[in-house]
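Using the sequences and the accompanying hints, generate a full structural model.
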Amino acid sequence: HFGMIMGEKFAGQWNVPRMWDRLYDELKVVEKRREIDEFNSKNKWKKRGFAITPTKFGIAFTAKFMNQGGALVHLYTDGTVLVSHGGTEMG
Numbered sequence: 221h222f223g224m225i226m227g228e229k230f231a232g233q234w235n236v237p238r239m240w241d242r243l244y245d246e247l248k249v250v251e252k253r254r255e256i257d258e259f260n261s262k263n264k265w266k267k268r269g270f271a272i273t274p275t276k277f278g279i280a281f282t283a284k285f286m287n288q289g290g291a292l293v294h295l296y297t298d299g300t301v302l303v304s305h306g307g308t309e310m311g
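Residue numbers (this note's numbering): 221 to 311.
Because the hints were derived from the structure by calculation, they are not lab data. Take every hint as true, because none was put in to throw you off.
For lysine-lysine, the following DSS-like pairs were computed, each having C-alpha atoms within a straight-line distance of at most 27 angstroms:
hint : residue 1 : residue 2
1    : Lys252    : Lys262
2    : Lys264    : Lys252
3    : Lys262    : Lys248
4    : Lys252    : Lys266
5    : Lys248    : Lys267
6    : Lys248    : Lys264
7    : Lys252    : Lys267
8    : Lys248    : Lys266
Here the structure is a predicted model, which is why all the values come from computation and not from measurement.
Put into structure tokens, the structure is as follows:
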């Protein structure tokens, strides 16, 4: 976690576990995976998949004004999501 102090005392409430549980329920992950398995078993050449990936990344510049970023998130009516950002991979 890049030396960041984590926890309610230092950084407010740690929401990731609660968000993960909520997403898992709201996205009906168990039901979706069952549907995907059924579809994949019936289709030899066309396959479907499903993934959720939690991440935490600290920007970790030494100058505070550089520790910022932004993203544009598009939520489409068919359920797809597009995230655009101006960042670059530095590692």
